[in-house]
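Number of protein chains: 2
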Amino acid sequence: MDPSSASLRPREPRRGRRTAVTLSDVAAAAGVSPITVSRALNTPETVSEVLRGRINATVEALGYVPNRMAGALASAKTRVIPVIVPSLSNVVFVEVIEGIQETIEAAGYQMLLGSTDYDLDREAALASTLLGWAPPGVLLAGLRHLPRTATLLKNADVPVVEFMEYGARCIDMNVGLSHVRAGAVMAAHLLERGYRRIGFVGTRMRDDYRARQRYEGMRRHIAEVGGASDILFEYPWGPGQEVGWHALADVLAADPQVDALFFANDEMAVGAVLRAQRDGIAVPGRVAVAGFNGLPMSALVTPALTTITSPRKEIGKQAATMLLSRINGTPPVQRRIDVGFVLEARSST
Amino acid sequence: MDPSSASLRPREPRRGRRTAVTLSDVAAAAGVSPITVSRALNTPETVSEVLRGRINATVEALGYVPNRMAGALASAKTRVIPVIVPSLSNVVFVEVIEGIQETIEAAGYQMLLGSTDYDLDREAALASTLLGWAPPGVLLAGLRHLPRTATLLKNADVPVVEFMEYGARCIDMNVGLSHVRAGAVMAAHLLERGYRRIGFVGTRMRDDYRARQRYEGMRRHIAEVGGASDILFEYPWGPGQEVGWHALADVLAADPQVDALFFANDEMAVGAVLRAQRDGIAVPGRVAVAGFNGLPMSALVTPALTTITSPRKEIGKQAATMLLSRINGTPPVQRRIDVGFVLEARSST
DNA sequence: CTGAAAGCGCTTACAG
DNA sequence: CTGAAAGCGCTTACAG
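If you read the protein sequences in the order shown, they are chains Z and W.
1 is the number of the first residue of the first sequence in my numbering; add one for each residue after it.
1 is the number of the first residue of the second sequence in my numbering; add one for each residue after it.
Think of the hints as simulated: they come from the structure by calculation, not from any bench.
Treat the hints with caution; some may be incorrect.
Same chains, same names: a pair is fine if it fits in one copy or spans any two.
With a cut-off of at most 25 Å between alpha-carbon atoms, the simulated SDA-like pairs for lysine to any residue come out as follows [said to hold, decoys possible]: (1) K313 x Y235; (2) K154 x V65; (3) K154 x A29; (4) K154 x T321; (5) K313 x T203; (6) K77 x T129; (7) K77 x V21; (8) K77 x V59; (9) K313 x G31; (10) K154 x Q277; (11) K77 x T330.
Please construct the entire structure, taking both the sequences and the accompanying hints into account.
Structure follows, in structure tokens:
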């Protein structure tokens with residue numbers, strides 16, 4: 001017996017491997033080389049019309065679906081962009097995401113969505129995993145991250161846009177609005193209308209630092225102007241409307257001096273208005289109510305809700321546009337964009 | 001001159017390639033073979049404690065991030081599961097997605113989210129692209145797809161769960177509820193309370209066939225029972241509350257006989273209730289209002305809204321669980337699950 | 001316009 | 001417990 005025969009025995013195909021149609025299968029069936037098939041698919045104009053037709057027909061006939069991983073590995077290019085947000089159950093992030101999705105899909109990219117549930121450790125883990133897909137860029141919410149997340153992203157050497165709030169220090173690029181200023185503007189509005197004991201109602205204030213920034217902005221403004229006081233109410237997390245619904249009654253019982261409430265978002269503020277309606281509490285007579293975000297619903301309750309509108313979809317579009325221009329080698333016009341906000345003074349204050 | 005010298009010249013590195021830290025770099029730095037590094041990372045128990053420690057330290061020191069594409073290509077395994085939904089701006093899908101995310105992340109998988117905007121052509125394109133990432137399974141909303149989408153998914157030879165509605169024919173596995181029955185149940189409720197001219201208000205009824213199924217269920221039930229009539233109102237798409245807000249007044253003007261309205265979802269129904277409040281239209285005295293989904297908000301308006309609660313997060317969890325069990329080789333207990341629904345009869349009807 | 005060779009960064013058997 | 005060889009399915013230069 002030839003002792004080398006064992007090593008000449010053909011190997012078993014790797015276990016569990018799916019026998020999908022491959023580029024070479026198409027090439028063989030069409031009577032061309034694999035590379036020509038690759039070109040017919042990726043840069044059709046570089047292949048003669050005859051071959052192109054034959055190849056496309058074969059692709060159809062065999063139901064060939066290119067393996068993106070092989071392609072991405074060989075070309076060192078992916079068209080999948082990770083987007084990291086704290087939460088999907090908050091409409092605000094969903095609208096930003098829609099802006100991102102529209103923009104990057106139009107440019108032929110896809111979105112890989114990750115949600116951190118407001119946990120910075122999860123954010124770090126997500127960033128690490130997602131970078132393993134060698135993305136052309138990264139979009140993530142917020143300017144506050146763990147040091148190792150920032151290091152990871154800087155080392156990755158890809159464009160990064162941090163969106164949602166606008167601030168002085170960012171990893172690479174930034175688009176959003178100043179939540180501190182938003183809080184101050186709302187405080188100014190409430191003071192101007194004569195309210196003197198102003199409460200801020202939020203949930204998860206430890207993690208939701210943007211809400212905390214709005215509170216800070218409000219607090220500082222009130223302190224600077226003088227003649228009025230503020231108070232912070234933190235509520236356990238729950239569906240916005242339910243939180244607002246319960247908070248209204250509890251707050252008025254706990255601190256009867258309160259004459260205005262600035263809620264962390266419109267959902268909560270709407271819940272408060274609905275509760276006031278049911279219990280016959282006069283808004284703004286007994287207590288003024290204000291929200292944040294400018295959701296359509298805020299205009300429909302009675303009384304219509306005073307709120308601050310943030311251009312959420314616009315934030316998403318701008319973030320994606322900045323990222324894409326950097327991916328394509330043309331630096332964006334600005335590295336940091338303040339999209340601003342609008343105070344909608346309505347009848348609830 | 002040696003004419004062969006040209007071909008001996010070392011090649012340039014491929015253009016654009018990022019010089020990231022690679023598995024071999026770690027191996028060289030740690031003084032072991034690449035495969036040992038791979039094992040230390042993926043199956044730590046198969047590597048001696050000494051080497052494991054040295055390798056982990058080197059990984060840290062070099063900031064190594066494994067290239068998932070190379071890994072996936074070599075092992076023919078990905079841990080990214082595509083999830084295809086019609087829309088992200090509908091809370092309902094977001095809650096299903098949250099259920100999916102929680103479940104698959106706990107099992108070490110990630111979600112690749114695609115939104116079709118209720119367009120079946122986009123769905124087909126998405127399915128094709130996402131299958132190119134050789135996923136271990138696919139989750140998609142709905143039972144209605146283009147023939148080529150179904151073919152694609154069947155040929156891919158991976159487990160597939162269609163979620164949202166429950167029905168007789170599915171590609172592979174199915175979890176959801178019967179929207180036809182939900183419509184019939186609501187019709188029965190409205191008839192029982194004495195309403196005789198029942199309107200259904202929806203948007204995008206051509207694409208949102210689940211809403212259409214609810215209308216069909218309602219219509220047929222009314223026809224079967226007799227003594228009452230139905231009418232369908234279709235409204236241009238927009239934010240739910242705004243649509244309901246406008247619809248209420250328009251419908252009552254267009255068809256004054258209408259004494260009950262079943263809206264395609266709670267947002268619209270809430271909008272209608274808010275409009276009724278503002279304009280002093282008695283609900284349910286002048287017109288009864290019902291919604292669908294059982295959002296928290298439905299219980300907070302005055303009058304509280306009659307609606308049908310669907311277990312959305314549960315649908316996501318079940319869908320993910322079924323998929324995972326098939327991925328792991330253990331067929332799920334059931335291939336089709338009807339999660340049911342609950343009628344919440346409240347004071348708006 | 002078309003193709004043969006090399007390589008992307010990993011993992012899988014197989015062998016010690 | 002550790003390693004040398006082969007291969008996953010593509011694309012990139014280079015050469016005709």
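Hints versus structure:
no.	hint	verdict
1	K313 x Y235	between (28 Å within a copy, 24 Å between copies)
2	K154 x V65	between (34 Å within a copy, 13 Å between copies)
3	K154 x A29	between (46 Å within a copy, 22 Å between copies)
4	K154 x T321	within (20 Å within a copy, 37 Å between copies)
5	K313 x T203	both (24 Å within a copy, 22 Å between copies)
6	K77 x T129	both (17 Å within a copy, 15 Å between copies)
7	K77 x V21	both (22 Å within a copy, 17 Å between copies)
8	K77 x V59	both (23 Å within a copy, 24 Å between copies)
9	K313 x G31	neither (49 Å within a copy, 51 Å between copies)
10	K154 x Q277	neither (51 Å within a copy, 54 Å between copies)
11	K77 x T330	within (17 Å within a copy, 36 Å between copies)
The structure shown violates the earlier hints numbered 9 and 10.
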